[in-house]
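*Asks:* Protein sequence lines, in the order shown, are assigned to chains A and B. Heads up: the first sequence at position 289 corresponds to 289 in this note's numbering, and the numbers run straight through without jumps. Heads up: the second sequence at position 258 corresponds to 258 in this note's numbering, and the numbers run straight through without jumps.
Misleading hints may appear alongside valid ones.
No farther apart than 30 angstroms at their CA atoms in a straight line, the calculated lysine-lysine pairs in the DSSO-like style are these [as the list claims (entries may be wrong)]:
(1) A:Lys66 - B:Lys213
(2) A:Lys339 - B:Lys273
(3) B:Lys146 - A:Lys146
(4) A:Lys95 - A:Lys66
(5) B:Lys273 - A:Lys213
(6) B:Lys339 - B:Lys66
(7) B:Lys273 - A:Lys184
(8) B:Lys273 - B:Lys95
(9) B:Lys66 - B:Lys95
(10) B:Lys66 - A:Lys146
(11) A:Lys95 - A:Lys273
(12) B:Lys141 - A:Lys146
(13) A:Lys213 - B:Lys213
(14) B:Lys339 - B:Lys213
(15) B:Lys146 - A:Lys141
(16) B:Lys141 - B:Lys95
(17) B:Lys66 - A:Lys213
(18) A:Lys184 - A:Lys146
(19) A:Lys184 - A:Lys141
(20) A:Lys273 - B:Lys339
(21) A:Lys141 - B:Lys141
(22) A:Lys273 - B:Lys213
(23) A:Lys141 - B:Lys184
(24) B:Lys95 - B:Lys146
(25) B:Lys184 - A:Lys184
(26) A:Lys213 - A:Lys339
(27) B:Lys146 - A:Lys184
(28) A:Lys273 - A:Lys66
Since the hints were made in silico from the structure, they are not lab data.
Number of protein chains: 2
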Amino acid sequence: MVDEVLEKERPQEAVFDASQHPADLAELLEEMSLDAARGSLLSLPLSLAADTYAYLEPETQVGLAKVLARGELAAIVTEMNGDDRADLFNRLTPKQQQALLPGLAQAEREDIRRLAAHEEGTAGAIMTSDYATLTANLTVKDALNKLRREAPDKETIYRTYVIDRERRLIGSVRLQQLILASPKQTIGQVMERETRAVSVGDDQEEVAQAIQKYDMIALPVVDDDGRLVGIVTHDDAMDVLQAEATEDFQKTAMITSMVENIGTASIRLLYQKRVHWLVLLVFANLLSGAGLAFYEDTIAAYVVLVFFLPVLIASGGNAGAQSSTLMVRAMATGDVEMKDWGRMLVRELSVALLLGLTTAIAVSMIGLWRGGFEIALIVAAAMLLIVMAGSLIGMSMPFLLSRFGLDPAVASGPLITSIADIAGVMIYFSIATAFLIG
Amino acid sequence: MVDEVLEKERPQEAVFDASQHPADLAELLEEMSLDAARGSLLSLPLSLAADTYAYLEPETQVGLAKVLARGELAAIVTEMNGDDRADLFNRLTPKQQQALLPGLAQAEREDIRRLAAHEEGTAGAIMTSDYATLTANLTVKDALNKLRREAPDKETIYRTYVIDRERRLIGSVRLQQLILASPKQTIGQVMERETRAVSVGDDQEEVAQAIQKYDMIALPVVDDDGRLVGIVTHDDAMDVLQAEATEDFQKTAMITSMVENIGTASIRLLYQKRVHWLVLLVFANLLSGAGLAFYEDTIAAYVVLVFFLPVLIASGGNAGAQSSTLMVRAMATGDVEMKDWGRMLVRELSVALLLGLTTAIAVSMIGLWRGGFEIALIVAAAMLLIVMAGSLIGMSMPFLLSRFGLDPAVASGPLITSIADIAGVMIYFSIATAFLIG
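The shape of chain A in the complex, shown without the other chains (with noise of 0.2 angstroms):
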């Protein structure tokens, strides 16, 4: 539906020609092989071609540095942003790193040094130098001046940070106050003093929620002594909270570690990606055989508790995975906290109890029909029980998994499913084995 509005304006949308948003031709370079990618990449206006490249895939970058000539690699490695140009130089090998860096001029080597330190999943990891500053004693006037003469080079200047002589952040002010304000007033006069930052060490996650939840349009990033070394602007936030999201789901599939583009990866990353939870679970839901033979003398004597054993165990795991899905987000998105375990228990537990009920006389009918009064009794106490136990097992374990360090999210879909499979067992043919045989 986007794309037809686009269209009307844009009749031939996939013409690669410099009137074209750099996402769109990135999207087109994307297609091409590196050589027709690179010819393409060098037509365009330089400034054009450093926005394209920085929106390319991380392996096409990687790619087109090795087919690019170190000195237009350089000229388009000048003209990226600060952050882009970080991120890029992480991902080239020590080799290309080596050629790159005497093609570019002092400044940007610096910028890149200094942003490219920063530990991945950090605030200083996203951060962009691109930022435009002022002083507390400048007028209004020389202000609007300043930031006149710097507004092509810098992300964002809708706010300017203000900073005193050691570069500490004291302020910050917007261009619409600027505009309203008269030109001989100070900065210091109209700036507002009261400015949210945070520290180049924090998470990524925490940093993009807190420009979500207050709608900002960046945050600046300070040191341990209180110096602006940053920002982090809105665009970054939005991408770092979806590629979180992105990362969740696939955990929740245990999948190891995230497939950035599924459209594009190879059938080697996707095999590498899946086999190993997959094997492991063979080992787990071996546990689920183990728990059978132990009960194969009830089993022998009574294969009609087989024909309920798929719906029993599948109920336990479907109860847990609601349970544990509705927790990991809740707990992602920041609505809850560990500190809620014991609320959420004691409501999880009235809500199980209910399920559990209505899905006993669900399968209790069945179980008449099939097997009889006894069977119908035993398979509705334990239906009642295991989706209780997949209930609980299902909320608790995010809380669990946190608890330790680990990340919550891969605590819903198999694993849950995989452990109240075992549960599901044992309760089914206890309680069988203590009706029938006992």
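We have chain A; now place chain B onto it with these hints.
*Replies:* Coordinates of chain B only, in the frame set by chain A:
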């Protein structure tokens, strides 16, 4: 971590006063009784009270609307942004709506009527009417003066939209460009003519994705005649993407419709959203039992086969959950589209074959130990076919659902597991019966 830095600057984070951000004030109000919340809200300056009210959870907004006097509510609603006001209006009961309208000025009443009319989930439903417009014949100087006058009422003046006499969108101009341009130039000379826009009926998720893709601050919304009717801002786009991710997450676990905040949801609500699918899946899983019943003779003769049942059906479900989750998320983020189905299927076949072989080897060792050569062979062959079947079902189901206009998200998790269970039982026992009995 974010909190730590904020605390340095705001020692009394939990105090309810006008120095706090409205998002934080709203969180404090959520924890109060309605009467206390009313008092606290009214203690704030009107414009801050309106912003805070807009940040409240929908249920709290409706609750407060009941305890606020008509005049108080009308004053707050008048100060709210157009989109927040329309959202609130849609949440009120018809009686509350009728009580509120007479307290508002004509302009706000019409604004509500215009915005509230759009269908939920469309660009129209999330757009705001608080944007600034210019005409092409204005000089830059006059334009800046107009923006100075209007700025306080607009959500963003960082990008202003240029319209013709019929309010048709003909271009846009960034505040940055205005302050860089000579005061005597006309807007027609400095504006960007190619302005991306979406239609009022476009899907909100696609609109949000466009804002993310092109790193925009806002996206203008036009009606069928190309007339500008609103803008969608980056912060609302971020909220849409996060809410859609949460909804998809919950759907994968077969939760009927989105639970907005699980921390505050009632037991009754949680039960209702979970019970339908859980009971439906009970009946689906009984099919697996029926499958087992069909092979009763084989089972009675070879009870050892039952021990491998849980691991075989669980592995099919796990492989299916991996495939479907990867596919569902890739479709949600736009990495994979309907037309990619054939290509993805071919690749999935290779990945599934490798995964099937690996898990077959793993389980055959246990088969050899527990049941001898013949059982090991049967179990390994069953594992290979079941994992492949699970993967292919998991990969295809999201496309299939999408093809029939259903949400692909329900395809991952319990639904796939249940289908894989049935397939697993049939594959396993038909192989076993052919080998051992037939």
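*Asks:* Could you run down the list of hints and mark each one as holding or not?
*Replies:* Cross-check of the supplied hints:
1. A:Lys66 - B:Lys213: Answer holds: A:Lys66 to B:Lys213 is near 26 angstroms, not above 30 angstroms.
2. A:Lys339 - B:Lys273: Holds - the C-alpha atoms of B:Lys273 and A:Lys339 are around 25 angstroms apart, at most 30 angstroms.
3. B:Lys146 - A:Lys146: Roughly 23 angstroms between the alpha carbons, so the hint for B:Lys146 and A:Lys146 holds.
4. A:Lys95 - A:Lys66: holds, 11 angstroms
5. B:Lys273 - A:Lys213: holds, 27 angstroms
6. B:Lys339 - B:Lys66: Roughly 51 angstroms separates the two Cα atoms, so the pair is violated.
7. B:Lys273 - A:Lys184: Violated, at roughly 61 angstroms.
8. B:Lys273 - B:Lys95: Judged against 30 angstroms, a Cα distance of about 28 angstroms means the pair holds.
9. B:Lys66 - B:Lys95: Since the Cα atoms of B:Lys66 and B:Lys95 sit roughly 11 angstroms apart, the hinted pair holds (cutoff 30 angstroms).
10. B:Lys66 - A:Lys146: violated, 51 angstroms
11. A:Lys95 - A:Lys273: Given pair A:Lys95, A:Lys273 holds - Cα atoms ~28 angstroms apart, limit 30 angstroms.
12. B:Lys141 - A:Lys146: Since the Cα atoms of B:Lys141 and A:Lys146 sit roughly 19 angstroms apart, the hinted pair holds (cutoff 30 angstroms).
13. A:Lys213 - B:Lys213: holds, 21 angstroms
14. B:Lys339 - B:Lys213: Given that 30 angstroms is the threshold and the Cα spacing comes to 21 angstroms, the pair holds.
15. B:Lys146 - A:Lys141: holds, 19 angstroms
16. B:Lys141 - B:Lys95: With Cα atoms ~48 angstroms apart, B:Lys141 and B:Lys95 exceed 30 angstroms; violated.
17. B:Lys66 - A:Lys213: holds, 26 angstroms
18. A:Lys184 - A:Lys146: holds, 15 angstroms
19. A:Lys184 - A:Lys141: holds, 6 angstroms
20. A:Lys273 - B:Lys339: Holds, at roughly 25 angstroms.
21. A:Lys141 - B:Lys141: Holds - the C-alpha atoms of B:Lys141 and A:Lys141 are around 15 angstroms apart, at most 30 angstroms.
22. A:Lys273 - B:Lys213: holds, 27 angstroms
23. A:Lys141 - B:Lys184: holds, 18 angstroms
24. B:Lys95 - B:Lys146: violated, 39 angstroms
25. B:Lys184 - A:Lys184: OK: B:Lys184 and A:Lys184 at ~22 angstroms, within 30 angstroms.
26. A:Lys213 - A:Lys339: With Cα atoms ~21 angstroms apart, A:Lys213 and A:Lys339 stay inside 30 angstroms; holds.
27. B:Lys146 - A:Lys184: holds, 21 angstroms
28. A:Lys273 - A:Lys66: With Cα atoms ~27 angstroms apart, A:Lys273 and A:Lys66 stay inside 30 angstroms; holds.
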